[in-house]
Amino acid sequence: MERAHKTPSASFVVVLLVIATDSCECLHLSGKFHAWCLNPENCADVCRTQGKGYAGGRCHGFLARCYCTLPCAKAIVVVRRII
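If you use mature numbering (1 follows the signal peptide of the UniProt record, and there is no 0), the sequence shown corresponds to residues -26 to -1, 1 to 57, in order.
Please note: incorrect hints may appear among the correct ones.
Unchecked claim - The calculated lysine to any residue pairs, modelled on SDA-like cross-linking and capped at a C-alpha distance of 25 Å, are:
no. : residue 1 : residue 2
1   : 6         : 36
2   : 26        : 15
3   : 26        : 9
4   : 26        : -3
5   : 6         : 20
6   : 26        : 5
7   : 26        : 2
8   : 26        : 8
9   : 6         : 38
10  : 26        : 3
11  : 26        : 39
12  : 6         : 39
13  : 26        : -2
14  : 6         : 25
15  : 6         : 27
16  : 26        : 4
17  : 26        : 13
18  : 6         : 37
19  : 26        : -1
20  : 26        : 1
21  : 6         : 23
22  : 6         : 22
23  : 6         : 44
24  : 26        : 45
25  : 6         : 32
26  : 6         : 28
27  : 6         : 24
28  : 6         : 26
29  : 26        : 16
30  : 26        : 38
What the hints contain is simulated information worked out from the structure, not anything from laboratory work.
With the sequences and hints as input, model every part of the structure.
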């Protein structure tokens, strides 16, 4: 008895479609923190009160400025087709 070639099952399609998601941190210069950033906790508190959904903040760069952080999602979708 020969096997008939059927449409690929859902699990096979999932194997062909590989979705890789990396979490990264997006930095935005704080609009309210104007001094040198020497205390990361203070920077994070100021960022959280800015009302733009910032998760926190950290001191960054040569001039030690306060940058607010947001979680970013970078999705890479690779579709492989087998002929």
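Given the hint that residue 26 pairs with residue 13, test it: the Cα-Cα distance must not exceed 25 Å. Holds. Residue 26 to residue 13 sits at ~21 Å (cutoff 25 Å).
Does residue 6 pair with residue 25 here, judged by a C-alpha cut-off of 25 Å? holds (11 Å)
Pairwise hint evaluation, residue 3 against residue 26, where the allowed Cα distance is 25 Å at most: holds (12 Å)
Straight-line Cα separation of residue 26 and residue 45 no greater than 25 Å? holds (12 Å)
Under the criterion that the straight-line Cα-Cα distance not exceed 25 Å, is the pair residue 6, residue 26 satisfied? holds (12 Å)
Taking 25 Å as the top limit, are the C-alpha atoms of residue 26 and residue 4 close enough? This hinted pair holds, its Cα atoms lying about 11 Å apart.
Hey, residue 26 versus residue 9, does the alpha-carbon distance stay inside 25 Å? holds (20 Å)
Residue 26 paired with residue 5 [C-alpha distance capped at 25 Å]: holds (11 Å)
Does residue 26 pair with residue -1 here, judged by a C-alpha cut-off of 25 Å? holds (13 Å)
Given the hinted pair residue 26 and residue -2, is their Cα-Cα distance within 25 Å? holds (15 Å)
Quickly compare the C-alpha distance for residue 6 and residue 22 to 25 Å and report which way the hint goes. Given that 25 Å is the threshold and the Cα spacing comes to 11 Å, the pair holds.
Starting from residue 6, check that the Cα of residue 36 is at most 25 Å away, please. holds (19 Å)
When each numbered hint is compared with the structure, no violation occurs for any of them.
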